[in-house]
Structure formats: C-alpha cells, structure tokens
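Peer 1: Below are the chains, spelled out letter by letter.
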Amino acid sequence: MTSVVSQIPQIQLTDAEKALGISLPSRRLEEWKWTDLRRMITTAYGSQKVTAKDADVERLLKASPFSALHLKRIVFINGVHDADRSQVKVAVAKPSAALATDEIVALGSRLQATGVSLSLEGNADTPIEIIHVTTDGPARAQAVRHVVEVADGSSATIVETFVGEGDYLTTAVIDLTVGEGARLDHIKVEHEAPKATHLGHAIVSLAANSVLREFTLTSGSALNRQNGTYTFTGEGADAKVAGAYLLNGKQHADTRLVVDHAVPRCTSRELFKVVMDGNARGIFQGKVVVRPDAQKTDGKQSSHALLLSETAEFDAKPELEIYADDVVCGHGATSGDLNHDHMFYLKSRGIPESEAKSLLIAAFVGEAIETVEHEGIREALSNYAKGWLSRR
Amino acid sequence: MLEIKNLHVKLEDEAREILKGLTLSVKPGEVHAIMGPNGSGKSTLSYVLSGREGYEVTEGSVTFKGEDLLAMEASQRAAKGVFLAFQYPIEIPGVATMQFLKVALNAQRKARGQKEMTAPEFMRHVKERAAKLNISQDMLKRPVNVGFSGGEKKRAEILQMAVLEPSLCVLDETDSGLDIDALRVVADGVNALRSPDRAMIVITHYQRLLDYIVPDKVHVLSDGKIVKTGGKELALELEANGYADFVGKAA
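Residue numbers (the numbering used here), protein chains in the order written: chain V, 1 to 392; chain D, 393 to 643.
Where hints are given, some of them may not hold.
Calculated pairs, SDA-like style, for lysine to any residue (alpha carbon to alpha carbon, straight line, at most 25 Å) [said to hold, decoys possible]:
no.	chain 1	residue 1	chain 2	residue 2
1	V	K386	D	M515
2	V	K386	D	K609
3	D	K494	V	P318
For each label pair, taking beta carbons as the anchor points, the in silico distance ranges come out as [stated by the list, open to error]:
no.	chain 1	residue 1	chain 2	residue 2	range
4	D	P588	V	T311	40 to 46 Å
5	V	N383	D	T455	42 to 48 Å
6	D	G623	V	E375	56 to 62 Å
7	D	P420	V	L338	55 to 61 Å
8	D	M515	V	R39	31 to 37 Å
9	V	L338	D	A488	25 to 31 Å
10	V	D341	D	G421	28 to 34 Å
Source of the hints: derived by calculation from the structure; they are not laboratory data.
For glycine and all other residues, C-beta sits at the position ideal for the given N, C-alpha and C.
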C-alpha cells in the first residue's frame, strides 16, 4: 500500500466530521469565530435510528414547559414524526437540498432532515406545538426541517420545543413564511439534554404588512448555535425577535441573526437577555442590513447579559450595514453583574440575599419573556425561568 | 430599644473616618431628630444601621432590642424591625410594587417564625394603607419606583413602612424634593405610625419637616459626632442661627 501525498495542503477531517460525512465550520469563518464547531464537536455521532421506550417518551413529553397547556401537538421522536402521538394531521416531507443557505442547513440536509409542512389559514386560537423528544441511546445525529406558511391575512402561533436525554446532536431548521397582513407568533424552547448539541436556523420571510413575534429560550444543551435569517419582502412589515439564555456550568450558546431590510418602511426589533452562571459562554451576533431602497427602515437591536459569576463570559457583535439614508437604526449591548443598589434595597426590606437575587434575575429575563403575547405560554416560560433559578 | 455606643465608621476602601464616636440611645415610642450640615455623617449613620455593604465599623457597638445589630445581615435587621426610608428610593424595573411588598412582608414573617399572609389578607392589608397615602392601584401595579415622581417615591417609602410595620424607622431626608402638600401627606403618614412601641429616627437637614413630625429629642450631628442634644426647640434655634455655632472650627 502506498499513500498519496496531495500537493494541496488539505485539512484532515476530524473523527466527528468523518462520522457526519461533512466538514464543520471553524473559527476561520468570521461568523463562527466564537463557536468553532470543528473543534467543539468531538463525539463521532452515528446516524442509527433508535426505537424509543414509551415510558421514556412520556417522561420527556412532560418535560416540556408547556405540557400542562392546551396546545395542538405534533410529536417528533428521535427525529421521526410520531403520527399516533400527534394531534394534528400533517404532511411529512424531506425539503429539497437546494434550499441550503448555511452550514447548519447543509448539515441537516446531509443528515436527511425531514419535517412537517404546514399551511395555515384563518385565525387559529390554539397554538401548535411541535415537540421534539430525543431518548437516551447511542450518541447520534438527527435532523428536522419544518416548513410553515401563514396565509395572507391569517394568524397562527407555533411553538417548537426540544427535550431529551443522553448525548446527541440535533439540527433544527424551520422555514417560516408570513403572508401579507398575516401574523405569526413563534416560540422556541431549547431544553435539550445537558450533553447535547443543538444547531438551529429559523429562515423567515415577511410579506407586506405582516407581523412576526418571536421568542427563543436557550437553556438545555452543552453547545448551542442558532441562526436566524429574516427577510422583508413587502413594505410595512414588523418583526420583533426576542430571546433569553439561561446558562450554567460550561454551556455555550451563540445566536447569530441577520435581518435583511430589502424593502422600505419595515420595523425590526431584537431583544436578547442573557443570564449566565459558572463558566458559561454566551454570544450574540446581530446583523442588520438596510438595502438602498429600504428607506424609512426602523431597526434596533439590543443584548444584555447578567453575569452571575466571574468566570462567565458574554460577547456581543452588532453589525449594521446601511445603504439607505432615511433610516433609524441602533444597537446596544450591556454586560454586568447584579446591581448592588437594587440588591441592598430588596435586602433592606427583609428579602434574603438568595431570594433578592432570584427576584432581580427573573425581572431581568422577564423583559424578554414579556414580549410573548399568549398568556399561558408566557406564564409557562416565566415558571421555567423560576425553576432554573431555584435549581441554580 | 436602640443603643449606639462610641460608633466609629469609615468607608471600606478609604482611611478617612466618617462617624467618629457617635453615641445615641433611643427608647420605644420616641422620635429623635438628627440634624446636621452636609457631610456630617447623617446618611452614613442610616446606612450603617440598615446594613449597607461598603462601610467598616472600626470601634463601638450598636445594640437593637438587646442584640448586636452589626452582626446581622441587612435582611435580618429588617426582619428584626429596622426600616430605612431612603433619601433616594431605588427604581427596580421588572418587579411590580405589589409583588415586592408581598415578598418582603412574607420573608420577614417567615424569618420571625410567623405564618405567611394569604393573598386576600395581604390585599386588604395594603389597600387600607395605600388609600391613606393617596397611592392608587395603578401605582401598586407598576414596577417599584419606576417612573414615580419625587413625591410618589417618598409616599411609596412610607407605604412600605406602613405595610412592614417596623419597630425602628429611620427616615433619611424624607423631606428632600417634596413640596409643602406632598410633605404634609408624608408627615401625616409617618405620624399615623407613631406608637408607644415604635421608635423613629428622623434625619434631616432642615427644620421644616419637624413642624409636621414633632420630635421628642433633637441631636446635632457634626463631623461624625453628636455635639448637642435638646428638645424640639433646638431645631428652631438651628433654623434661626444655622449650624455655625456647632461646627466649632468653622465658626
């Protein structure tokens, strides 16, 4: 046997990359500079299908913060749609690979992502929850890709929940199209297993006069990267994208949003509240592009981190690319520990240190959770945050 | 009730002493006014009593109801009955006033081994007291002190005092920033809380407040020490002659 030495220096695939059958983005790419997947994913994930035990599934379904709410459920178990447990009849499809727009989508395609295809018309009162359950088993990679369309003049609430046990990698891509004058409320909860890796991408298209209200809670996995791409295709649309991180230990979460103001008179708001303890690392990258025709754009983003330990770290990278001249755009990022004056005021009224801390942290995260319109979902998210604080 | 003996205090990260041997004895039911020029140590005294971090007691003692107050954490002091009405009440975004009052009251009750108040009991408890201070339901729903006017903040402090029913009230420049009408409402609120088993320390720069909250004793604080003690007429004397007589070195 002779080995062939290539003339071109080649990067050797890591064991994890070989197992996935694809090269992973590294810090050489500006967008991935804080989240070097090539280095951070060390497990060689298989692709075997695991049959879940009923008891495991039932236990994990209850781990959804929304388990007590009346929602229409669509259930995915270990990456596969479970029609029997779902309350909504849906078409399950494998979206075309031609739609690949970034490394996460490409990995999902490589992993043969499947997902639901929903066309929603009218004004649905009951939110739909797409719940993804991963049961313990051999370390493996799985992928979902959902496509949701809200028809012109319609409104809907879509909840995506991710829960699991064990060591696994999930890619979760969702394509959301909001029609003219339509409204979509999109809530995502990443409560994956502590060893898991979660890679997500929400690809959103907003038609004229549409409204998007989005909230993402990031709290479960060891490694999380979520991209969001928001494109305004018609004038007068309004997108509010909010999120919260609740991280501890060595958790790592990186969100990168790109808001593309391609047409005039659209409004975008991004608000992220990050709470970190231990050695957690949080990143928020927000890019706003205002194209030459997109006059009267109103775009603002802010990210705020509350660091509960000296070893937690937050990085924020705002990027504004503005090619129009009649626009209002801004960004702000802050990072710090709890306000000492606030703490003293609460303690001086008899509230013990730990309770005072919890109250202030809940208030800090609450600002982002408050953007959720649906009362039951909002309360469930608040309770989740309270639970996190008491376990901390 | 409160015995302060030869209290010496400095900031943790500065060598300069602020309180330089302050001695004060307050009995239940008494109202003591502490007057003094800016920088005499008035606010430091209020913070040291309420347990704010950043101060170091280098000498002396503070005993409250027979216990070493300085050994207690701020929240323990509050549960024991110490209340500070802040000169500049703190705004706390995201925490509704009503929720804050409930958490505070029940934390204190729990610390004292009492049963927590139920929601209806608590609502009644607050509503009665809020009405007397012209505090609307809307204000109670808003986050603590956020967007409150100066007068509203001071009234909210007195409401907290009325709700928590402390045994020692320390009022730090409660008159600052108040017009005469607001001052009257606040003073009425304070007077309503005067009782044989509750003591008050009213810290103020001006005599004006003492027309409404009439003290049993007036102390002049200068350069970290009490330099003169008298009855309520001492306040009038100060109003007429200023502090120059007592700030010896400057006179």
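Peer 1: Now look at each hint and say whether the structure bears it out.
Peer 2: Hints versus structure:
no., hint, verdict
1, K386/V x M515/D, "holds, 24 Å"
2, K386/V x K609/D, "violated, 48 Å"
3, K494/D x P318/V, "violated, 40 Å"
4, P588/D x T311/V: 40 to 46 Å, "violated, 53 Å"
5, N383/V x T455/D: 42 to 48 Å, "holds, 44 Å"
6, G623/D x E375/V: 56 to 62 Å, "holds, 59 Å"
7, P420/D x L338/V: 55 to 61 Å, "violated, 36 Å"
8, M515/D x R39/V: 31 to 37 Å, "violated, 56 Å"
9, L338/V x A488/D: 25 to 31 Å, "violated, 19 Å"
10, D341/V x G421/D: 28 to 34 Å, "holds, 32 Å"
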